Amino acid sequence: MKNLFKITLILSLPILLFSCSNDDDAPVPVNEEEIITTVTITLTPTNGGNVVTLRSLDLDGDGPNDPVITVSGNLSAQTTYNGAVIFLNETENPAEDITEEVNEEAEEHQVFFVTSSGLQATFTYLNFDGNGDPLGTLFSVATEEASTGNLNVVLRHEPTKPNDGTLSGAGGETDVSVSFPVIIE
Amino acid sequence: MRILLAFVCVFMHMELSYSQAGKCNNILSGSILDTHDQTSLSGATIIVAGPEIAVLSDLDGKFKIQNLCDGEYTLQISHPECNTQVFKVSVYGNVSKNFKLEHHLESLNEIIVKGKAFSTKTESILENNLSEQDLERFSGNSLGDALSQLSGVSSLSTGNSIVKPMINGLHSSRVTIINNGVRMQDQEWGAEHAPNLDINSAGRITVIKGASALQYTGDAIGGIVISEPIKIPIKDTLFGKTILSTSTNGRGGSNTTSINKGFNSGWFSQLQGTIKRYGDFEAPNYILSNTASFERDAMFRFGQNKIDWGWEGYYSIFKNEVAILRASHLGGAEDQVNAINSAVPAIIEPFTYEIGLPYQEVTHQTARISVFKEFEKLGKVEIGYDFQTNRRLEFDIRRGDDAGKASVDLRLNTHNLNAGLETSIENWDFKTGAVFNYQSNFANPATGVRRLIPDYDQYKVGGYAISNWQSTNNLSVEAGLRLDHTVMDVFKYYRTSFWEARGYNDLFPEIVVEEVGNQILTNPQLDFTNVSATLGATYNWYDNWLIYANFSLASRAPNASELFSEGLHHSASRIELGDLRFESEISKKVMLTLQKKGRTTFSVNPFYNFLDHFIIIEPTGVEQTLRGNFQVWEYRQTAAEMMGIDFEFSTPILKNLKFSNNFSFVKAYERETNVPLINIPPVSFSNILTYETNKFRASLTQNYFFEQNEYPNTNFEVFIPETQTTEVVDVSTPPNAYQLWDIAFNYDFNYSKNNTIEIGFQVQNLFNTAYRNYLNRLRYYADDLGRNVIFQTKINF
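Going down the list, the sequences are from chains L and U.
Using this note's numbering, the letters of the first sequence correspond one by one to residues 61 to 245.
Using this note's numbering, the letters of the second sequence correspond one by one to residues 3 to 799.
Bound conformation, chain L alone (with noise of 0.2 Å):
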């Protein structure tokens, strides 16, 4: 008797937990919050002039879809640009910048500019993180002779710093890589 009661005790147990199931509710979608979707960069010329942008747009984060690259004009020979690049979130509406995260962040942060070799620009950082090491979310872009190539943007999350401002020689994970053609006219 001790035995059966024993064994109906066991056998009810699953049939307890099963009729508690878990809510049919489906579940709720992740958007997600860290994704890069948008690189824009303005580049204001110091002494008047168009604007420049140049902006990759990639909504479906690791998705199939390839990044949208577009550049709204060319750079003049011989001027200085003050640039600006900013980090969006746009699967967010209203989209979330960033930019912020990244500049509180700033010494774990690194922005590189790489150009191709027939590409003729000179950059230099503008802002810097709290022990005077470069960011680069602020930077200016000196063009020199008529020339077209790439320009390369990285952004390096938790580089060595200081560096020698190459990528090989700051390490750290890239979160941004984008290319652009450039024209020098």
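Be a bit skeptical, because a hint or two may be false.
What the hints assert, rightly or not - Covered stretches of chain L (chain U as the covering partner; in silico rule of three or more C-beta atoms under 8 Å from a C-beta of chain U):
| hint | segment |
| --- | --- |
| 1 | 87 to 97 |
| 2 | 111 to 121 |
| 3 | 125 to 137 |
| 4 | 171 to 177 |
| 5 | 221 to 232 |
Treat the hints as calculated values from the structure; they're not laboratory data.
What you are looking at is a predicted structure, and each value in this text was computed from that prediction instead of being measured.
Here a beta-carbon is modelled for each residue, glycine too, at the ideal position from N, C-alpha and C.
Based on these hints, arrange chain U on the given structure of chain L.
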């Protein structure tokens, strides 16, 4: 020689006690049998109190006592290593009775590789043993480390702390792990998810290289690992052990303690706990930064064992935090190029005990209640219910408000009810049973990272029947069949861009629930029916020679990762894509073994595995994203084949000196293209010289791993803007061959009657060899472990 406890309950009658000076030519005869598997026990002493007659059971376990007068007698049955047991018998006329005894398994801590159904004698695959001492040698390590000592068993690891067993080249969802009767449900589909099992909780571990043990599952295409706690004897006893182990590599150690209490009445209880703490480990030339770990486990069991019935309640908790090599955490392909081309890890910091980012934190709890009863005519019935809850958190390097939040947060709850019957009729044994299973997976959206695997509910029902026929003394034949049905109810968000690119919008429009932003919510409802079977024979050819032959059919439903992966897998630095259309894998495996026992032992074990709908993952391209380029890996089903040989040999050389050798190789290919499969263990062998006396043991081990020269080409190219060059990212080429030498010394001595202390000293990787292991997923970034000196003390009490 085993001591059998005679259990008379079944046979005991309350008879009037009267003595009669009547007939005195009665014969009391019968057999002494093991209560578990009905094997006969020879050499048991049966003493009849009163006339003081003593007889021994013969080689077949039979005994005969003659010239007894009618009356009530008290018999005392004894056997070495067993409790002497007393019971009463009525003798009026000739009496024939069988007595079933149970032997104590007080110090059974073995790892056994065998192809027989666990703890019964169905046997059509080979058995290998590792001694209790070897199991305790790995007290401070993991289950995967210990199992890889066996020929045919290797490890797939992610760094040195996350080690998964591979049986004949197969792992993860294809290897089933059973812990005290509970099939582990711990997100085992992940290549970087180690089994959540404390090696110190095991009293015995059995590995079955194939799917023959159908009472556990039908989908273990690679094999089954069965861990059981020690058996506590049915006598008043209190015993236990504590092992303290310290390692120079990792500058840490572990302690495990277990206390066991038994009672004459059959009550028993066991309390066991383990704690392990290590800081950063070291390769020969540098610290492996961020490889610390902290594990704590506990287990509690209690119940009653009345031999012909009993019950057990069990609870265990396993909690492990493991840091992942910092240098392995990358952005995209450009970062990978740098990491692979660099001779040393990109990030090397001073030693620390801190578990930093990235790291994993897993908590696994198991509770089980089971009851068994032997029914005279029917057999042994066992019913069990178990519940498991697994919480897996993976922490990554994040920015802003998300820093400190987990990137992966999975909760997996599983309920399982199983009922089984074991019965024997003459020389036939039968096992049959059914299992019901409900599982739910919840992926917490609060992580802010798209779910690695989706939320789902899964229901499973299965039934099996296995029979074993002892045809002659030398030949036994085994056959089994199992049927499982699985239903999955899944809620999965797909990116709209992926949903359309795959063509799912045309194939599966009916599973769409709604569109939310740039994602589509779907509700796939899948079901799988899996048939598995086994057929085999064991032939005792002559003397010590045995031949085993086995054919097994196994069938595995695809897992949640293979079906639903769809995005960047951060820890692997690649995009992984599953496929909703997958069917169950089917494996047909033939295994043959020739074994010789005796002073010199060897076994040769070739196998061939014919696989259909085998799921592999391979690179198919490169995806451009704002983060840079990532290699895309897609799952695909294909026809495959695997074949190989495991070989073991052991012989005494001089007095107390023994030489052993293990050798194994596996080859695996896609059948249509003959392209090799990825991550197949290279050919390897080990030589071991052991010197052993009563109290002292020393061993020297050489482990040699060849270079894996058959592998698929999964390389790809990436353009590096800084150097304006296109670089090849070589993720395929396996590392060079290497060999590792270990030595170990053990000495035990008694500190009081029945209590021993054992001191052990071990050096692993004696020559501090720098090497990389093809099966270590972090081999791109750093060398493997350097020398490790382990000092261990074990106290039995």
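Legend entry - Ascending list of hint numbers which this structure does not respect: none
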